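Work out the full structure, taking the sequences as your base and the hints as a guide.
Per the working numbering, the very first residue in the sequence shown carries number 1440; after that it's consecutive.
By construction, these hints were calculated from the structure, which means they are not laboratory data. Treat the hints with caution; some may be incorrect.
Derived pair list, reagent style DMTMM-like, types lysine to aspartate or glutamate, alpha-carbon separation capped at 20 Å [claimed, not checked]:
| hint | residue 1 | residue 2 |
| --- | --- | --- |
| 1 | K1585 | E1600 |
| 2 | K1496 | D1481 |
| 3 | K1643 | D1587 |
| 4 | K1602 | D1587 |
These figures come from a predicted structure and were not determined experimentally.
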Amino acid sequence: GQLILHLSAFIEVTLAAVITLLSMEPMWNLKIYACPVRRLSDWYTLLHNPTPQYGKKLHCTQEAVYPLQTMVLLFYFLCLINMMILRPLLNRKFLKAGKFAVYCALYFLPILTVLHAIAGGLIYYAFPYLSIVISMISNATHFSIKLDQSMKSLMKTSLTEIKNVVIIIGHWLLMAYGILSLRQHYAFLAFVPFPAIFYILTVKFTDPAEFRDKDRSERNS
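This is how it looks when you write it as structure tokens:
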């Protein structure tokens, strides 16, 4: 059931991304023509309406970074539409508890839309670093919620369970995309698997159970 849910989400997001790209100029082409971004203020033209000769302010705000802001808002809208079309059919046949994921999306998609409308410029400049940091945090979170924190168990479940393989590959792709977005030091792509490997190799030094067992043995002795 969880695999179907993740596959459905992947299809919805991919379809929304492709339709968004095809909807921008030039139409029906995966290329986009975008106005160059020179400074952070280009994202907030509403705050920079001109006042010719210090007279009346002209409210002629345009999207100076078109379509970099519009296309993200369109993408969120299409994600919502795709989810409302595909997810009910899957929930009826395969995912009886899948409605909670729909309710969650109905909350966070509007929140993401407002966040991008307000902080789109900041996200644009910080995106590569955010991608790398979020990938590392989510990677550590994924491993930390495992009940068996032994190195052998983490290695085995990471290689044999499809759900874990998909999640780990997703973390790697997010980090790789962040590194590529920096447009420098592409050799760092070789370190993409490092956070997962580092966690597994050092888990015995950070597992609280190890400290509890050691403390208990010292008390008994």
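Okay, the hints, checked on the actual structure:
Restraint check: the Cα-Cα separation between K1585 and E1600 comes to about 13 Å, which is no more than 20 Å; the hinted pair holds. The straight-line distance between the Cα atoms of K1496 and D1481 is roughly 18 Å, inside the 20 Å bound, and the hint therefore holds. The straight-line distance between the Cα atoms of K1643 and D1587 is roughly 11 Å, inside the 20 Å bound, and the hint therefore holds. About 16 Å separates the Cα atoms of K1602 and D1587, which keeps this hinted pair within 20 Å; it holds.
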